[in-house]
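Chains A and B supply the protein sequences, listed in that same order.
For the first sequence, our numbering assigns the number 282 to the initial residue and increments by one for each residue that follows.
For the second sequence, our numbering assigns the number 88 to the initial residue and increments by one for each residue that follows.
There could be a bad hint or two in this list.
Using C-beta positions, here's what the derived DEER-type ranges look like [stated by the list, open to error]: (1) A:E457 / B:A94: 42 to 48 Å; (2) B:L442 / A:I505: 38 to 44 Å; (3) B:L410 / A:M766: 26 to 32 Å; (4) B:K196 / A:M301: 27 to 33 Å; (5) A:F284 / B:L410: 45 to 51 Å; (6) A:S610 / B:G334: 40 to 46 Å; (7) B:G443 / A:D652: 53 to 59 Å; (8) B:G443 / A:Q606: 53 to 59 Å.
Here chain B is said to cover these stretches of chain A; the calculated rule only asks that three of the stretch's residues, wherever they fall, bring their Cβ under 8 Å from a Cβ of chain B [as the list claims (entries may be wrong)]: (9) 450 to 464; (10) 773 to 784.
Source of the hints: derived by calculation from the structure; they are not laboratory data.
All figures in this text were calculated on a predicted structure; none of them were measured in a lab.
Ideal placement from N, C-alpha and C gives every residue a C-beta, glycine not left out.
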Amino acid sequence: MDFDLTMVNWARAQFAFTAMYHWIFVPLTLGLSFLCAFFESIYVRTGSKEWKSITKFWMTLFGINFAIGVATGIILEFQFGTNWSNYSWIVGDIFGAPLAIEGLFAFFLEATFFAVMFFGWNRVSKKFHLFSTWMVAIGSNLSAVWILVANGWMQHPVGMAFNPETARFEMQNFFEVVFNPVAVSKFVHTSSSGFLFASLFVLTISCWYLIKGRHLQMARRSIIVASVFGLLSSSFVAFSGDESAYAVAQKQPMKLAAIEGLYKGEAKAGIVAAGILRSDKQPGDGQDPFLVKIKIPFMLSLLANRSFTSFVPGIDDLVYGNEEQGIESTASKITKGKTAVNDLAAFKQAQKENNLPKAALALARFKENQDYMGYGYLDAPEEAVPPVAIPYYAFHIMVALGTFFPVLFAAFLFYAIKNSLTRKSLKKYLLPLGLISGFLGLMAQESGWVVAEVGRQPWAIYGLLPVKASTTTLSAGNVQMTFFMFFVVFTLLLAAEISIMLKQISIGPEGGPLK
Amino acid sequence: MINLDYATLQQLWWIITSIVGALFLFLNLVQGGQTLLWQVAKTDLEKTLVITSLGRKWEMPFTTLVLFGGALFAAFPKFYATSFGGAYWVWMLILFSFIIQAVSYEYRKKPNNFLGSSVYELFLFINGSVGVLLIGAAIGTFYTGSNFTLDLYNSVTWDYTLWGVNLRGLEAAFSLFNLSLGIFLVFNARVLGAQYLLNSIDLSSTPDLESRLRKHTWNSFLIALPFLIYVVSSILFMKGFNVDDAGIVSLVSSKYLSNLLAMPHLLILLVIGILLVLYGVLLSTFKGSYKGIWFSGLGTIFVGLVVLCLPAFNNTAFYPSKLDLQSSLTIYNASSSHYTLTIMTYVAIGIPFVLGYVVYVWKLMDSKKLTKEDVTNEESY
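Extracted from the complex, chain A is given alone in its bound form (with noise of 0.2 Å):
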């Protein structure tokens, strides 16, 4: 099969240039909503003057980054029609779906109630008001359970079946798709992640004014709330960081091999915590993949299987296969593959042909290696292996800031209560760090987005279709042509937004500074 490389690649690079701008908002969306409902509520509750400047303030900047998320949000609904049209039509009967009811449940949801968070101060009641705020909290976390329902089910393609006659896959259980338990991992880490994120991103503002000497009032009680909603956040997302990888380790133990470098699977295997990899390292080469590395024994065992003894397959096994503990060969499902796709092209040809009996035939011998179709696409084993340096170190940032995020959460709170958070020796260490810590977060969040797409190379549909047989039959120049389209308005956009972000920060909350 002849495969244009040059316009898949392309059509990647847009992909993953335009997902990884979407996220830089998104996060900030999913928590930030809420913090403004926290404002907002106590606001109502205490009918504080102050309280209600505090959340009007945190509601403009969350505005701002609302806007700019939706504009680089609708390409990606639509990319997959324009540049991935193969893949809409061979899965768009599962895949579809949580996207239309994402429009329909959650997208309603955000818009119709954004226009009263915004504008009805003065022409809805107060606790109407607060219920909208609610709502679009309530309706941004809707549009991620959705949007992760699809994801997961990429990863993790379940519920369905390929029917030949159409040659695409086709929904038989729906809720299997939505129960899908890489999907609900996915959205409590994905969407408490978020919450963790805007609450870094408070911070980092709330820092900036103590550092100023400004705002001191609102930055306290903005650190305060942050800080509380950031620490609960974390457990989440520790928690289901860990159900994650678990479900990583049973559905796609190659990603997993990615991301722990592990090349030669083991009982007992440690999990490294900290290491740098060999750059020319190649599977089944025999090199230690790693130059240095501090290992925990036991533990990625445990973290793959809750046994601290059991195997954990290494690439090296996955690729050129373990008889002893049951593992096929990539080469041996790529020659399956191969007959499935050739059966399955009899099949067509037969049926075309009016041929029924040819047709029936063909049909029973493609059912015997249908499910290693997706694998009849690849040209050699070592293809099935993701770029190993990307995830790896991905992903140990990640766990690196997402271990440390909360021990920040909890100095800041601790200060907060305490009311000295302009103490001199704090205005030299701590305030810094929280300045910096929003950046911070946005790098765990990219990280673990990189860790999910990259780790999963070169899947579209993890086993099932690899990416390159997903594409649109169009020429490499199209796409490039509308990639440098999106990357110059978003990163002019982008330039607006953080000017923007920047002016409205300096002006801070409206009706003069609070003491």
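Following the hints, position chain B against chain A.
Below, chain B alone, put in the same frame as chain A:
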């Protein structure tokens, strides 16, 4: 329990999708309003009133477009794959015009907005003009056909070259019919935009704005009218893509006329729709009424429904290929499986609920007209 047969579900889902599409055409009042900004608002106050009024609704057409795409993906994935992947450029440019719209309301008046407010206003204009025009051109291809072939695996190949370049869908805008439909939609959106603004703003302090809005309702209608007449008369006489009992697609004379006669309810809907638009325009222009939008709006929804349903029912291919007639898409060969359509029908039970709260909040927010005091009171875009 929903226990409908496959064909009924396929028809039902085309109707649901068409309703969403028709609602989108009505909500294009926001896009129409965006193109009016220069002509109707001469002072800063007028401009702020217009932008703020539109800005409270901009997410509605945007979200409806996203839902339209999602519904097509879920219910007619083959159309989604064929059209978006095939007619690549027309869709990419439409999307592009919505991307630049999405930030413009929020960023236009904010200090340090990097591009300057006139650039954001230009973005709004592009969205309202080029965006809507191309949407019309894309819908026009339901009647005029496209240039694609599908292989045994339904993978789309597009072939229309001009000066050695494969235009990938952009050629849709070169057909007189498609272009006319696009221009009609642009000016109809302007009619709706002007009528909406008449309804939503308290114009007592800005009488000039009011008279300009009334004038532009009429002017835009006059421009839209000949294009509408051309589109409707073309539809009555043009050849259409018929599907026979064996599933063979062929070009048949006056196909859409015979569809209208075979489905008289669509004919009635079309006539009522056009009359409602006209009535609304007359109310807004000559009667000093502020309620014209509701009549023209409903009329637009009816006309939109007819435009989307006429080429899909009565054994017609709704997304025909000129290049290879047998690659043409019908609602029966392009749909999701029976199971998925059933599930989606359960989902669709939620539509009235969503529509309910959208209307409730819309009424709540618009029960008091937008005043000068509102926009000077920092609640503006």
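To see whether the hints hold, each was checked on the structure:
1. A:E457 / B:A94: 42 to 48 Å: violated (27 Å)
2. B:L442 / A:I505: 38 to 44 Å: holds (41 Å)
3. B:L410 / A:M766: 26 to 32 Å: Given about 27 Å between the Cβ atoms, the range holds.
4. B:K196 / A:M301: 27 to 33 Å: holds (29 Å)
5. A:F284 / B:L410: 45 to 51 Å: violated (24 Å)
6. A:S610 / B:G334: 40 to 46 Å: holds (44 Å)
7. B:G443 / A:D652: 53 to 59 Å: Violated, at about 46 Å.
8. B:G443 / A:Q606: 53 to 59 Å: holds (57 Å)
9. 450 to 464: Our answer is that it holds, as 4 residues pass the Cβ test (under 8 Å) against chain B, meeting three.
10. 773 to 784: Since 9 is at least three, the answer is holds.
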